[in-house]
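Enquirer: So the protein lines, in turn, are chains E and P. Counting with my numbering, you get residues 893 to 1159 for the letters of the first sequence. Counting with my numbering, you get residues 2 to 295 for the letters of the second sequence.
Hint data in this document are derived by calculation from the structure and do not stem from the laboratory. Incorrect hints may appear among the rest.
Chain E stretches covered by chain P per the calculated footprint, using a threshold of three residues with CB under 8 angstroms from any CB of chain P [what the hints assert, rightly or not]:
(1) 909-923
(2) 949-962
(3) 1083-1090
Label pairs and their in silico Cβ distance ranges [to be verified]:
(4) P:Leu18 - E:Asp1058: 22 to 30 angstroms
(5) E:Val1138 - P:Gly236: 25 to 33 angstroms
(6) P:Ile202 - E:Ser1145: 25 to 33 angstroms
These figures come from a predicted structure and were not determined experimentally. All C-beta atoms in this analysis are idealised placements derived from N, C-alpha and C, irrespective of residue type, glycine included.
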Amino acid sequence: MAAIKGKRADLSHMALRLYVILAFGFLFLPIAVIIIFSFQPGRYPNLPLNEFTLKWYGEMIYDRVLLECMKNSVVVGVSVSFISTALGFLAAYALRSYKLRVENLFLGFMSGPLTVPSLLLGLALLIFLNTFLSISNSLFSVILSHTVICAPFAMFIVRARLRSIDKTLEEAAWDLGAGTWQTIREVILPLSAPGLIAALLLTFTLSFDEFIIAWFVSGFQATLPVKIWSMMRGGIKPTINAAGTVIFTLSISFLVLSEYFLRKKSG
Amino acid sequence: MARIRNFPPLRFFVGFLPITVWEVLFFLFPVILIFMVSFLYVKELRLVYEWTFRNYAKIFSMLPYWEAYLRSFRLSLTAVLFSAAIGYPLAYTIAFEISRRYQRLLIVAMIVPFWTNYLIRAYSWQIILANSGLLNQFLQALHVIETPIRILYTHNATEVGFIYFYMVLMTLLLYSSMESINRDLLEAAADLGAKKFRTFIEIIFPLTYPGLIAGSVFVFILSFGDFVGPSILGGGKNPVFSQLIVDEIQGTVNLSMASALAVIMVVTIVAILILLLRRVETATLRKGGKPWRQ
Chain E
893 MAAIKGKRAD LSHMALRLYV ILAFGFLFLP IAVIIIFSFQ PGRYPNLPLN
943 EFTLKWYGEM IYDRVLLECM KNSVVVGVSV SFISTALGFL AAYALRSYKL
993 RVENLFLGFM SGPLTVPSLL LGLALLIFLN TFLSISNSLF SVILSHTVIC
1043 APFAMFIVRA RLRSIDKTLE EAAWDLGAGT WQTIREVILP LSAPGLIAAL
1093 LLTFTLSFDE FIIAWFVSGF QATLPVKIWS MMRGGIKPTI NAAGTVIFTL
1143 SISFLVLSEY FLRKKSG
Chain P
2 MARIRNFPPL RFFVGFLPIT VWEVLFFLFP VILIFMVSFL YVKELRLVYE
52 WTFRNYAKIF SMLPYWEAYL RSFRLSLTAV LFSAAIGYPL AYTIAFEISR
102 RYQRLLIVAM IVPFWTNYLI RAYSWQIILA NSGLLNQFLQ ALHVIETPIR
152 ILYTHNATEV GFIYFYMVLM TLLLYSSMES INRDLLEAAA DLGAKKFRTF
202 IEIIFPLTYP GLIAGSVFVF ILSFGDFVGP SILGGGKNPV FSQLIVDEIQ
252 GTVNLSMASA LAVIMVVTIV AILILLLRRV ETATLRKGGK PWRQ
């Protein structure tokens, strides 16, 4: 399409590129604001920037409640990511091995928890766990609830990875006398490891960042987002910026890591 | 007895059963429960197991519920329009004007804000849009305005939040429908003398239509069900529909009323899904194209 290469084409090309830059500016503005003002001394954000300070990070580290909530979130996130990835792997491998007659129905059902607004899921789980099963609200309920969303998510990630593994490798293992379990252990698991790691990382952040469901079912054991919510209700506090910057760094490193693993070739 | 011979082996169940049981028990069943609970009522903070329509009667007879519903509907619809208007040129530029090497990079970069904690992003918009916030300070420093403009705690701020939160989803869906367009088609159009604009109208736009509809559905559902954005950024005196649900859960602890409101939300979402996704189907059948890339 090198035919149209006049001044006008150049101009529209430039305009579109400028537009992309502006759009990305809009997308990154709030993140930049949080990070920049977490290093600013003033309680209220003011525009001519002042000198750099770590004061709010210091305050955050000595906030016992905040740290307790962070620990709660890590406990939930780790449990959820391992349960979800295990459930997701089993289903993804079964999907690969068997032609399910109701495959579309199954996949549709599994994408349900990812489509339903978490407000509705939270209400449903609150009623079910708390009112009907009389399980008092706790981190245990949060783990059960987050796995509802994270297990299908892990399944879709692992399934995409398993698709890239050549079927002949499995067949070769069988021909050489390996049983089903041995094939899974020695061929499938190592080859799908990058997908499994990505699933662990992504489901961890998904759970670590989730607020509404945790708010409904966590009871007195607040997770970090629940704690941040109550801090936000109390007005502007720069420790929120500091905590936000920490959470951002964590989520994004996990995202970048999982992207690295997903792009990695097998073996 | 072919049935029995075809009975799947143990590992079939080891694979499918755990996740299925989990999702049936903790997703399907609780969601069905919402429907049932919406026909019960609450007395002295306890559910009374007696079928009744009183929750629905109350909702349909009181104006504030209608107002909140319409407010939510309007806000979500506006969010769909804006995110399509902003996202379409963005997706187009990334898919067609930028080399493949940088495409992947930009897409990952776009997911970064999307993958950042939702509360933190909303809080940041609070800092930016407040009366004494960064935007007003900036505009006053440039002498564009004299007195600060009030954006925060109005639903204009909610709208900014919605567009910011969900335009990424719209852009990604549009991008993936653009990326899967066979480039030979564009070459062919160019060879046959079609200008860029005509190529766009006759090839690119029809082929991205399913992506546009899917994006609209997602943006609508997510902003309609969003509670955090409106409560942190919006006007508290004029609640949106999702805030009414949360008020019933965390405030008055009336779970049956909350369920009835939730059922109305579910019905709205399902109606939108059916209405719009059917349009994708007919559009796809007419064009004979394949809307989803595997």
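Enquirer: Decide, hint by hint, whether the structure agrees.
Expert: Consistency of the hints with the structure:
1. 909-923: holds (count 11)
2. 949-962: violated (count 0)
3. 1083-1090: violated (count 0)
4. P:Leu18 - E:Asp1058: 22 to 30 angstroms: 28 angstroms, holds
5. E:Val1138 - P:Gly236: 25 to 33 angstroms: Since the Cβ atoms of Val1138 of chain E and Gly236 of chain P sit about 31 angstroms apart, the hinted range of 25 to 33 angstroms holds.
6. P:Ile202 - E:Ser1145: 25 to 33 angstroms: 43 angstroms, violated
Violated hints, in rising order: 2, 3 and 6; the structure is consistent with all others.
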